[in-house]
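K.L.:
Could you put the whole structure together from the sequences, leaning on the hints where they help?
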Amino acid sequence: MSKALLTVRDLAVHFPVSRGLWGGTAMLRAVDGVSFAVAAGESLGVVGESGCGKSTLARAVLRLIPATAGAVIWLGEDLAGVSARQMRAARRGLQIVFQDPLASLDPRMTIGASIGEPLEVFEPGLDRAARARRVRAMMERVGLAPDMINRYPHEISGGQGQRVGIARAMILAPKLVICDEAVSALDVSIQAQIIALLRDLQAEFGLSLLFISHDLAVVRQLCQRVMVLYLGKVMEIGAAGAIFTAPRHPYTRALLAATPVPDPLVERNKPLAVLAGDPPSPLLPPSGCVFRTRCAHVGPRCARDIPDLSEAGEGRQAACHYWRELS
Amino acid sequence: MSALFRCQDLRVCFDTPDGEVVAVDSLSLGVAAGECLGVVGESGSGKSQSFLAALSLLAGNGRVTGAARLEGENLIGLARRRMRRILGAKIAMIFQNPMTALTPHMRIGAQLAEVLKVHTGLDRRQRRARVIAALRQVGIPEAARQLRAWPHELSGGMRQRVMIAMALLCAPRLLIADEPTTALDVTVQAQILEVLRGIKRASDMAIILITHDFGVVAGLCDRVVVLYAGRIVERGDVGAIFADPRHPYSRGLLASMPRLDDTAGAGAGGQAIPGQPPDPRALPPGCAFAPRCADCQPRCRRERPALRSFGEGRAVACHLVEAGLSP
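First to last, the protein sequences are chains A and B.
Sequential numbering from 68 applies to the first sequence in the working numbering.
Sequential numbering from 82 applies to the second sequence in the working numbering.
To be clear, the hints were calculated from the coordinates, so they are not data collected in a lab.
Keep in mind that this is a model prediction, so the values were computed, not measured.
Errors might be hidden in some of the hints.
[What the hints assert, rightly or not] Covered by chain A, according to a simulated footprint, are these stretches of chain B (three or more residues, beta-carbon under 8 Å):
#1 271-280
#2 314-328
#3 353-360
[Stated by the list, open to error] Restraint-style ranges between C-beta atoms, simulated for each label pair:
#4 A:173 - B:96: 29 to 39 Å
#5 B:124 - A:173: 20 to 30 Å
#6 B:362 - A:142: 45 to 55 Å
#7 B:285 - A:347: 33 to 43 Å
#8 B:182 - A:136: 34 to 44 Å
#9 A:173 - B:98: 20 to 30 Å
#10 B:182 - A:77: 35 to 45 Å
#11 B:124 - A:347: 32 to 42 Å
#12 B:98 - A:313: 55 to 65 Å
#13 B:403 - A:335: 29 to 39 Å
#14 A:218 - B:379: 24 to 34 Å
#15 B:285 - A:313: 49 to 59 Å
We put the CB at the ideal spot given by N, CA and C, even for glycine.
P.N.:
Structure follows, in structure tokens:
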């Protein structure tokens, strides 16, 4: 891998869950042994269904929640061991944009104040006028009209709110931005605007993205590499082109087959490959491969051995005992 | 085409502190038995309110004029008692969030049986048999055992299946599905769409599918109506709308959909429509889409275009298309 900005190694986040008065506690393995790296200027898409651990992963990388095990190496330094002050410094280069922009903004702060707040924290030496200049320049860059600087969050639309969220994340010129379902709540026509904006920012500033989304079609438009999660584990990871055109893992195949294509000719002629059932409870994950209870190609090893991520060609790795037989 | 259900000049407005807000205007559409009509639009386009209004389910400050006829009988202004005989028996509706549509303190079996108690003269044993048959029809495993389940014990996909089973109990003439898969994971969405396709194959029920997702429309619908700011901007057969969208908004919306089969990969596709939908409290005097339209002419800002028929079920509300100026 060309020099990695962020390297995550065997990251695990387990939550103790009370099982009632006499049940004791069980461990919910939200993220379980996840490893990946993001290079400078690269965008890595993280896909999977609800409960697969993608948001927990984002929060653990930023240390917004503690990791149970594993390492998060940011610019060569393991963030697990650093002091609160060092963590704060690291966050300057490592920002996040959330799904619901209007909920993640302080309702009592103007748009301008919200965007400028990171500057107050990280560049306290900056005077008021200089800060306002930076805020205005960033607002222009993300496509917010200058007169919005004094508006409040309740006065703006969801798309504008997401532009504010992006401006606030970008104002410190970070190296990596984590987008946690950042376009999921938006209408399609607005979603395309925000995707285009992220793509432009990425090209202009050499920004890296960790783009978390349940929507594979959106990830396809934005990401060079993709990681597929299921029940806290990586099923497949690698180059987006390889994964989207020739998926190796049965779960990746099922996800791709289930995603509707806005074209009746494609949609009505595609082979029916509906995945049965729901994901199992993360409190009682299946033995061996966690996907085996919904997999159409279960073999004798699947219940017994946990499959490791192994090279599956074209710059991608898959965690399946039988991917060779399937392709 | 003899329509089973037909709306004529439906107009829905709400009294708000800011004055009267028109949510739906001049809406006319029909759906025949055995047909699936897709109603596509973004938030605030009036796609849900139109049908809530037709079924007398509007919020207290809402008013509706026009006609909505089921088999010739106008539902607008119908006596409450008569409406109750129709809802659930001749027309059934399913919603985005099945958890809020199910009663949390009633077991699934009792909840479904109640529908039959109200609308049919079946005895207890017959009701139970009919409920089990409906649950089987929507692919619920061990249907007899699930009668004892509480809504909270079911997954989102299972709850939506229960809602569909409930809708099917009295074999209605018309099923209105309002974003039935929007809250579901993509693999579960594929399952629910397959259930709806099965209903379509097995009966001559008419289905109105309200959605923001052209991908869902592509796999299920025969005809499509595109709404923008409370009005129909285009309607036609599903093949024609996808292959040759005429209204600039339909074209923009289709072009902004991210596509999984977009082989160009990262950095491609997703042409955004600039700007945002108009504020329904302050609709522009001319075409509501004019401020966002790349081909806008002076006439578009002055005069509201009427929905003009172009033969073969295709109709478009655009001055440019009417004048033959648009591609």
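K.L.:
If a hint holds in the structure, say so; if it doesn't, say that too.
P.N.:
Right, here's what the structure says about each hint:
{"no.": "1", "hint": "271-280", "verdict": "holds (count 4)"}
{"no.": "2", "hint": "314-328", "verdict": "holds (count 3)"}
{"no.": "3", "hint": "353-360", "verdict": "holds (count 5)"}
{"no.": "4", "hint": "A:173 - B:96: 29 to 39 Å", "verdict": "holds, 33 Å"}
{"no.": "5", "hint": "B:124 - A:173: 20 to 30 Å", "verdict": "holds, 24 Å"}
{"no.": "6", "hint": "B:362 - A:142: 45 to 55 Å", "verdict": "holds, 50 Å"}
{"no.": "7", "hint": "B:285 - A:347: 33 to 43 Å", "verdict": "holds, 38 Å"}
{"no.": "8", "hint": "B:182 - A:136: 34 to 44 Å", "verdict": "holds, 42 Å"}
{"no.": "9", "hint": "A:173 - B:98: 20 to 30 Å", "verdict": "holds, 26 Å"}
{"no.": "10", "hint": "B:182 - A:77: 35 to 45 Å", "verdict": "holds, 43 Å"}
{"no.": "11", "hint": "B:124 - A:347: 32 to 42 Å", "verdict": "holds, 34 Å"}
{"no.": "12", "hint": "B:98 - A:313: 55 to 65 Å", "verdict": "holds, 57 Å"}
{"no.": "13", "hint": "B:403 - A:335: 29 to 39 Å", "verdict": "holds, 32 Å"}
{"no.": "14", "hint": "A:218 - B:379: 24 to 34 Å", "verdict": "holds, 31 Å"}
{"no.": "15", "hint": "B:285 - A:313: 49 to 59 Å", "verdict": "violated, 42 Å"}
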